[in-house]
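Those sequence lines, one after another, are chains Z and D. Just add 780 to the spot in the first sequence (first one is 1) and you have this note's numbering. Just add 58 to the spot in the second sequence (first one is 1) and you have this note's numbering.
Because the hints were derived from the structure by calculation, they are not lab data. Quick caveat: nothing in here was measured; it's all calculated off a predicted structure. A portion of the hints provided could be inaccurate.
[What the hints assert, rightly or not] Simulated restraints on C-beta separations: (1) D/Q105 with Z/E848: 31 to 37 Å; (2) Z/E826 with D/K82: 33 to 39 Å; (3) D/K264 with Z/E826: 44 to 50 Å; (4) D/G219 with Z/E927: 38 to 44 Å; (5) Z/K906 with D/D247: 31 to 37 Å; (6) Z/I956 with D/V285: 43 to 49 Å; (7) D/S83 with Z/N890: 46 to 52 Å; (8) Z/S1005 with D/L306: 14 to 20 Å; (9) D/V285 with Z/N986: 43 to 49 Å; (10) D/S78 with Z/N952: 30 to 36 Å.
Ideal placement from N, C-alpha and C gives every residue a C-beta, glycine not left out.
For reference, the chains in residue letters:
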Amino acid sequence: MKKIITYIKNADTQLKAYNKEIIIISNSIAKANNLGNYIVGANLSENELSEIMKISSAQIINIKINSELLGDDVYLSLIINEICRKNDIDLVIISSFQNELAPRLAYKLNAEFIANIFKLEIKNNKLYSTKSIMSGRAIQTDEITSEKCVFTVLPKLFEINDINNLVEESNNLPIIEYSPDFEYLPKVKVISKEKESKTTNISEANIIVSAGRGIKEENNHEIISELANKLGAAVGASRAIVDNNWRPHSEQVGQTGKIVNPDLYIACGISGAIQHLAGMNNSKYILAINSDKDAPIFEYADYGIVGDLNTVIPKIIEYL
Amino acid sequence: MNILVCLSRVPDTNSKLVISDDNKSINKSTKYVMNPYDEYALEEALQIRTKYGGIITAITVGNEVSEDILRSAYALGVEKAVIIKSENNLNSSFQVASAIALFAETQSFDLILCGNQSIDYSSESIPIFLSEILNVPALTSAMKIEINDSLVTVDKEINDGTIKMETSLPCIISVQKGINQPRYPKLPDIMKSKKKPISDFQAHIKNSKINAFELKINKKERIGKIVGDSKEEIIEIIELLKTEAKVL
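Required output: the full structure, derived from the provided sequences and hints.
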């Protein structure tokens, strides 16, 4: 591998936390393996560009496109493919949140693709990437002998060595502006977008407060939201209460919901079915609150409080 | 409407996961089931057929042992079932998608349905690779599908809401949990499914440059401090979260 490029998704105003993390990840890979370091984004704002330059000396390439096409991964993959080919870039790192852009780019680049890795090493021209498989029950390391690779990475879990030395001074390289010169007609049209009024996205959250059957009634969920608000946390749910239609599927954590890895996962009234554990067992710390002292969740918890969540949570809120 | 539904066979979460002695693969004794997300894709195919007519072909990429999930698809009412086989090991999602695409190219499908992800490798990339290889649009994480003539509208679940998207047939759609309620097969249909023909399709796929190097069980060590619900004990836990775990 000679050159690494990292894709940064535009967020208008400020750089998202996961974007900062991915820049640090690419700095660490570039530094450990002596690779040329590039960052690419589309319509990145002045503010985002200066934030990137505070933490990275990578060459920045800012793609200029019609803002209506910003969410079009087919278009972006065509442009980034051109950029990679023109600059002999052979390693691409993309956040696992952009899981459609990455395989499209891999196909066009004729590169191998692996999703959701949390570790990457290069030894003797071979790459070794590591990811969780089987819903988090096993960990697989792959050996890759391809000349080009595209990976999506899980920012919160990625193993970085020497983290303190990875924030780099900018080289003040001039930013390259790149405008595609080909015609593009999208095959998929976005008709409308409905936003849910959610403050914190569960996949990016540092803390998640999750509710299970132990809340007993839909109305008792208020106490979960209250604790989440107090902690600036996102709200999660077990399959049982999603299937009851008490909470939307977008909150479901587990095998048929989201796989999350926050710093702290608070499981409230969740017994700990294997399908739920599959979605949260990679959390850094787990606090379980459950009235059943034999609930399996306690075997997977760092901290546990045996008690009814309706009396325990108010005590927590009061003390916080 | 000619519908292709892609089914994946995955280790059953409820059975113990055993790693083979080579530390590279899963022990063959592991119990396998149809990928839960694919049950929604299959149900959606059945509902679309009811509304718009057509036939459904169910496929899986694998070998003889994969027959069981195709029998389940027969029991629910698909018209055809095919096992796509490859002489090479398929180590990447791109190879699996390439094998499906080779079969799809021999037919003229209007709609290819998949589950949003498989619970074994969870890369969510099969529909995207199919879209690239076959050069047809893909819509992912569908919570609702509507078809009017050749116009397809999909409500897609995103992290902070939903997007309504539109494209035209032929296309690929991956479906999210919650789009429907999968039905159960009836006993006579299960019996009949045992006699239905399952055909083979041989796909010639290039070897991947990805090879499994090491596989191990994920066992995270936990602190395991469990207390009662007195005020003092709760305060102790909150303090530990602040000072020991440093997450508050």
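Structure-based check of all given hints:
The hinted window of 31 to 37 Å between D/Q105 and Z/E848 holds, with their beta carbons roughly 33 Å apart. With their beta carbons about 49 Å apart, Z/E826 and D/K82 fall outside the hinted range of 33 to 39 Å. At roughly 45 Å, the beta-carbon separation of D/K264 and Z/E826 lies within the given 44 to 50 Å, and the hint holds. A hinted range of 38 to 44 Å for the beta carbons of D/G219 and Z/E927 is consistent with their spacing of about 40 Å.
In this structure the supplied range 31 to 37 Å is violated for Z/K906 paired with D/D247, their Cβ-Cβ distance being about 50 Å. Restraint check, Z/I956 to D/V285: a C-beta distance of roughly 57 Å breaks the suggested window 43 to 49 Å. Judged by the Cβ atoms, the range 46 to 52 Å given for D/S83 and Z/N890 is violated: they are separated by roughly 27 Å. In this structure the hint that Z/S1005 and D/L306 lie 14 to 20 Å apart at CB holds, the actual value being about 18 Å.
In this structure, D/V285 and Z/N986 break the distance hint of 43 to 49 Å, their C-beta atoms being roughly 24 Å apart. Checked against the hint of 30 to 36 Å, the C-beta distance between D/S78 and Z/N952 comes to roughly 53 Å, which is inconsistent with it.
Violation of the numbered hints given earlier is confined to hints 2, 5, 6, 7, 9 and 10; the remaining hints are satisfied by the structure.
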